[in-house]
Amino acid sequence: MANANLARLPAFLSVPPAESRLEFDYSLAGRDRAVRGGAVFGPSEFAGAGISAGTTASFALSPRDLQYTAKGEFSGLDLAAAGRELAIEAIDNPLFTTVANGPFEVTWTGRDRNTVRVSARGTLRDSSVFQARIPSLDYELRLEGASLGAVARGSFRGFDPAVVTGSSAFWGSLDGYLDARLELPDVSAREALLENMSVAGQLSLGPSSFRGL
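Taking my numbering, I'd label the letters of the sequence shown as residues 1 to 213.
Hints are supplied without guarantee of correctness; some may be wrong.
As the list claims (entries may be wrong) - Below, in silico cross-link-like pairs of lysine to any residue (SDA-like), each with a Cα-Cα straight-line distance of 20 Å or less:
no. : residue 1 : residue 2
1   : Lys71     : Arg21
2   : Lys71     : Ser136
3   : Lys71     : Pro43
4   : Lys71     : Asp138
5   : Lys71     : Ala53
6   : Lys71     : Gly110
7   : Lys71     : Pro103
8   : Lys71     : Glu89
9   : Lys71     : Leu95
10  : Lys71     : Ser173
11  : Lys71     : Gly122
12  : Lys71     : Thr56
13  : Lys71     : Gly38
14  : Lys71     : Glu140
15  : Lys71     : Pro161
16  : Lys71     : Val106
17  : Lys71     : Ser58
Calculated from the structure, these hints are not laboratory results. It should be emphasised that the depicted structure is a prediction, and the values quoted were computed from it without experimental measurement.
Please work from the sequences and hints to get the whole structure.
Dropping the structure here:
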């Protein structure tokens, strides 16, 4: 199949309603309103991101449950834009604007924003997160409703704490390596992100500046 657009499919199919241009070979099977299938993609686009040839996906759909899995490589992924496309309020936030590239694995379950569960892992390469450059970083993400957990290990360049804190008092440009875990119990509470954020781990800084020092 070529040039498939999920945004144009009927709502009863419960597929992610994202603007897309998908090329893939697929298989389908099912009975009694339960359907499962799989696909192998050619070069494609999904929610504004490029999908590399050879990426695989599978799904299982029933009246009570919905599950998607995918494994492959993406380019130019903007999490904030994907949040808008997929109606995931938790990441539909300018703070999560990214240009992300690299291999990934993701699993999605749930039929609406109250029941959605997303887990993902992979490696960012030559990417941009929080307006910082990311040469290479391994990550794991878990989203359950509005609760977000993340683990990150890798290097960063030009990170400005003011971008995350929203306060110009914390301006700077930091280079270094991190091995950290982050927990946000409610990412939809945008005005209180910092107050609710819990971060633990290790941070090693290279040549950097903070508030002019």
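Numbers of unmet hints, in rising order | Hints 8, 9, 10 and 15 contradicted; others consistent.
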